[in-house]
Structures are given as structure tokens and as C-alpha cells.
Amino acid sequence: MNTVDAKITHRRKKISLNQWILTIVLFLGSFVMIVPFLWMLVTSFDWAARLHINFPPRLWPEEPSVRTFEAAFTSIKMFRYITNSIMVSAGVIIISALSALLSGYALSKLRFKGANIVLLLALSTMMIPFEMTMIPQYLLFSKLGLVDNYLAFYLPALNYAFGTFLAKAFFDQLPTTLREAAILDGAKEVSVFSRVYLPLCTPIIATMIILLFLGVWNDMLWPLLILKKATKYTIQIGLAMFTYNNGIDKQPSIIMAATTVSLIPVVVVYMFLQRYIIESIALSGIKQ
Amino acid sequence: MKTDTFPETSNKRKKRFTRNDWMGYLFSAPLIIGVLAFAIYPMIAALIMSFHQTSGLSVGGKWVGFSNYNYVVQDALFWQALTNTFFIGIWSVLLGIILSFVLASLINNLNWSTGKNFFKAVFFLPNVVSGVATTLLFSFLFFPSKEGLLNFVIGIFGIDPVGWFTNPQISRYSIVLMSLWGALGYNTIIFLAGLQSVPRDLYEAAEVDGAGTYRKWFYITIPYLRPIFVFMLIMGTIGAMKRFTDVWLIGGTAGNPGGSLMTVVLYIYRNAFLASQMGMATAASYLLFIIIFILTAFLMLLNRRKDSLD
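Here the protein sequences come in this chain order: A and R. For the record, in the first sequence the residue sitting at position 278 is 282 according to our numbering, with numbers rising by one throughout. For the record, in the second sequence the residue sitting at position 188 is 203 according to our numbering, with numbers rising by one throughout.
The set of hints was computed from the structure by calculation and includes no laboratory data. We put the CB at the ideal spot given by N, CA and C, even for glycine. Do not take every clue at face value.
[What the hints assert, rightly or not] Anything over 12 Å on all C-beta distances counts as not near chain A; from chain R, calculated:
| no. | residue |
| --- | --- |
| 1 | GLY80 |
| 2 | ASN85 |
| 3 | LEU109 |
| 4 | LEU110 |
| 5 | ALA226 |
| 6 | GLY274 |
| 7 | PHE313 |
[Said to hold, decoys possible] Computed list of lysine-lysine pairs in DSS-like fashion (alpha-carbon distance at most 30 Å, straight line):
| no. | chain 1 | residue 1 | chain 2 | residue 2 |
| --- | --- | --- | --- | --- |
| 8 | A | LYS236 | R | LYS257 |
| 9 | R | LYS257 | A | LYS254 |
| 10 | R | LYS77 | A | LYS147 |
| 11 | R | LYS257 | A | LYS232 |
| 12 | A | LYS233 | R | LYS257 |
| 13 | A | LYS254 | R | LYS161 |
This is chain A alone, in the form it adopts within the complex (with noise of 0.2 Å):
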């Protein structure tokens, strides 16, 4: 008996040791992590970076300031970007979720003829490179005389074949009997659709939300080829345009400061959301 319970104790004591260490592993990991994300604040408030880095690096700024901030706001137009940013988020979202969820409800629940050539047209182009294609859209929006139009933006947000992949998925899962006991006491497609199967659907909504959100907000290439005009500008492009002709390692409490307003959208959901969104990148990724 007493060497059984030695030997208990002694595994016990091994274990945590092991998780001491994997603790302080981990710590370091991330402290190499967030070390980026710490010099940025610092900096973004240090008047005295403004149009040189700090030497040493420095753990609270030399001259606490907002004006880097006001500045930022200034010769960046950050509130107009910002501004741009959302309406073609919300636009973009709001398409692409309806498009997405519309389909996935019709290809799960209608089964209508040449409702599996829709699905898999969509699948395999869901493969195809955006590069690959930018070049023609470019060339199609600019004939339609929609350059620096948001149209180029919410148009194109109506091909979420990844969206209608996902959203057909989850109606596969909800019972189809709600559907024929809707139409059955005379309810119209569009009312099962929105008044039975959507309130069903928040979770794959949010999840929707979120991945196509931290996807208009972050994107650049396509900004950069449709819009010209500074003040369509979306935040990635005001930001990378404004330092593309400033220099890019150029004033660093400045751009520091709009770098991270550019931030606080996406670190302000991630922080709500956090688990949400790992679970949606899980998924996501794992689906694909």
C-alpha cells in the first residue's frame, strides 16, 4: 500500500513539474507574440517618435500624447477610410450572408432540379484563385463605369459559394418536416424561409458575420485596383497609400497611432467574440 501511494504521489509531483514547464514555454511564446502589439501602443502615444524611433526601445512613451493621434486623423483622412471601411463591410456582409443562406435553404430544403450541377458549379469554383480573376473583373467594372463605385464591392460579395456551403450544411441539419407543416397550413416559400428556418439560423449567421468581416475589413488588393479616389479609400488602402508615398518606415508615432485605430474594429470584436471566432476558424477550416 505505502508504495502504491508513493508512487501516486511521485507521478503527481512529475505532472505538475511537466506543467510548470509547459506553462513557462507558452508564457515566452506568447510574450514574443504580444511584444509586437505593445511596441505599437507605446509608440502610437509617444509624441516624441513622431518622426524618429525611440533608441532604446522604451516600456511607456518618452512624451505621453493624443496629438499622434490627431495627427493620424489629420493628414491620414482616417475617419472618412473608416467611415468607407464600414459601408462596404455592412454592404458586403449583408449580400453575401442573404445570398449564401438563400441558396444553402434551397439546395438543402427545395431539392429542385439541377439543384446538385448548382452545388457543384459553385464548390469548384470556390477553388479558383481571386488573383486568377481579378484582372477581367478589373476590366468588367471599369466598362460598367463602376471604378470607384461601391458596386465593385457589393456585386461580386453575391459569389459566397464557401457561405452557401456552410449555410446548406446547416439546413441539412434542421428537420425538413417544419418546412411541410408550414406549407401545408398555406405558407409561402419566402415566409418558411424567413419565419421558420431563419430565427433557426443564428449561429451560422454569426458565423458568417464574423469570418466575412475580418475579410472586407483586412482586404487591400481589390481596394487597390478599384478604387482611385482618395476619399472612396477603405482603411487598408488609406493606410498603405498613405505610407506607399510617404515612405513606409517614415513618422512612426503617426502611423503607429492610425495602425491602431485600424485595429480596433477587429481586436474590439475579437475580444467579444474570441471564442466565437475560434470555433468559426475551426470549423472553417476543417470544412474546407
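Starting from the known structure of chain A, fit chain R onto it as the hints suggest.
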């Protein structure tokens, strides 16, 4: 129960298209229009353009056969771009997979669930940061003089400042480091989901046979997660072949320093939107597509063949 046996639709069954079919197409119309107009049409248009000598912004032009492809294949800059893209891609994909797998295994072995969630959240955080913000931030962290944070850190060990983004010998490695910071969390999250799906009884059986932690890791965890490894290789490769935002911001359309950051998409962008050589650019984009397609097919095959072996 089939939907077309409903009382109100059953008498219309003889018609080729039922109400139900019409509804299906009505509901799918946004998707179908989107796919046709913004995926199928551009693919076909790009193919047609790649065989034409285009001028300015027009889609048509003189038919020139394969000469756009010939030009691209003989362009030294294209090969340089391809080499750089592969170089950066291989390093960042392989290091990314290995590091994130180790990281996911460490986090998974943590018994402390608050800690687990905390580390997941911290390592994933850079993933929500845009490519533009990451590049701006790292252009300061990788500042070429002693003021840069990384140069300061290596300076503590007596190493001279390194031109992370200004020395053509080093810039590609710096891009790898930067992309590791940004992408590590994504792979880690997916590996963690995979690690949790490994059946416990496999480990228990191995423990009965006297296998230790590392043997279990090598002989159970890694083989079991092979589909996830292949998925990461495929997604990582596709992503790496499309590298643009960071190299464009750092080195402009010339891929500076010294062309070391010229990538294939940068090459396409430059030819299409700076030189207005749309035909040539679409030819290059088709070549890129073929390369991605072959790589993806190869990686998928790799998975399948190994599957049949065991």
C-alpha cells in the same frame, strides 16, 4: 418524403418544371448570378485574353496564339518571381506547420483550461490583424539601423544591426518571420481541433503497451492527424503562391530590395496595371493557376497514396 408529392404541387408533376423548381432557382439566383458573373466569366475572359495582344483596357485584340505565354516563360523576371515565391512559400509553410503543431501539442497537454483558452486567444490574435497593419508594424520592428526593436534585441548579444527588409540576402527570410507571426495562430487552432478528435482509447491502448509521451506523439498523434497536415500544406501553399500585400508595401512594384521580394502576383499586378499588358498578365495568371493546381493535386495524391499503404 419528397417535396413534390405535396397536394398543391402533385397535380403539376407532369410539367417539366414544378413550382418547387422555380422557387429553387429563384432562391439560388443571387448565387448563380454571382458565380457566373464573377467566377466563370472572368476565368473564360482571362483565358481568351491570354491568347490576344491586348491594348489598354479592352478585352479583345489581335489573336497571338501562345506568344504571351512564350514571353512570360522567357522573361527572367517571371522566373525570379517564381523562385522568390517558392522560396518564401516553402520556408513559411514548413516552419509554420512544424511550429504550430508543436505549439498546439503543448497547449493541448496543458491541464489548466483557463490557460488553454488564454494561450489559444493570444497566439491567434495576430491572425485578425490585416496584412497592411502587420507590414507597417514590422517595417519598424525590422528597422535596418540599431533603433529597430529586433536589431536592439540582437544587439544585446553583440550582433551588428541587420537590414531585415533592406538587404536582398535577408529580406526573404524576414518575410518568412513576419508571416509566421501572423499565421501561426490559425494553424494552431486547427491542429488543436484535430488533437481533440484523436480517440482516447488509442492512447490508452498504447499506454498499456508501455508507450511514453513522445512515442504516443510520433506513432499515434502524427499519423492520425495526417489529413490535417495535408490540408495545411495545401492551404499554406495556395496562400503562399498568392503573396502580394506585404511585398508590395515593402518593396513596391519592383520587389525591392534588389528584386528579392518580386513575387508572381506582384509580377501579374505590375504587368497588368502598370504596363497595361493585360494579355501577358492573364497568361502569367493562368500559369500561376496551373502551378497551384498541380501542387494541390500532387499534395492530395500524396495523402491518398499513403492512406492505401496502411
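Outcome of the hint check:
1. The Cβ of GLY80(R) lies farther than 12 Å from every Cβ of chain A, with a closest approach of about 19 Å, so its non-interface assignment holds.
2. No beta-carbon of chain A is positioned within 12 Å of the beta-carbon of ASN85(R); the least distance is around 19 Å.
3. Even its closest Cβ contact with chain A, about 18 Å, leaves LEU109(R) beyond 12 Å, as expected for a residue assigned away from the interface.
4. With 12 Å as the threshold on Cβ separation, the claim that LEU110(R) sits away from chain A holds: the shortest Cβ distance comes to roughly 14 Å.
5. At the 12 Å boundary, the C-beta of ALA226(R) stays outside the reach of chain A, the nearest C-beta of that chain being 16 Å off.
6. No beta-carbon of chain A comes within 12 Å of the beta-carbon of GLY274(R); the shortest separation is about 18 Å.
7. No Cβ of chain A comes within 12 Å of the Cβ of PHE313(R); the nearest lies about 15 Å off, and the non-interface call holds.
8. This hinted pair checks out: LYS236(A) and LYS257(R) have alpha carbons roughly 26 Å apart, not beyond 30 Å.
9. Between the alpha carbons of LYS257(R) and LYS254(A) the distance comes to roughly 27 Å, so the proposed pair stays at or under 30 Å and holds.
10. Proposed proximity of LYS77(R) and LYS147(A) is supported: the alpha carbons are some 19 Å apart, at most 30 Å.
11. For the given pair, LYS257(R) sits about 23 Å from LYS232(A) by alpha-carbon distance, which is consistent with the 30 Å threshold.
12. A hinted pair counts as satisfied when its Cα atoms are at most 30 Å apart, and LYS233(A) with LYS257(R) qualifies at roughly 26 Å.
13. In summary, the hint linking LYS254(A) to LYS161(R) is supported, as the alpha carbons are separated by about 15 Å, within the 30 Å threshold.
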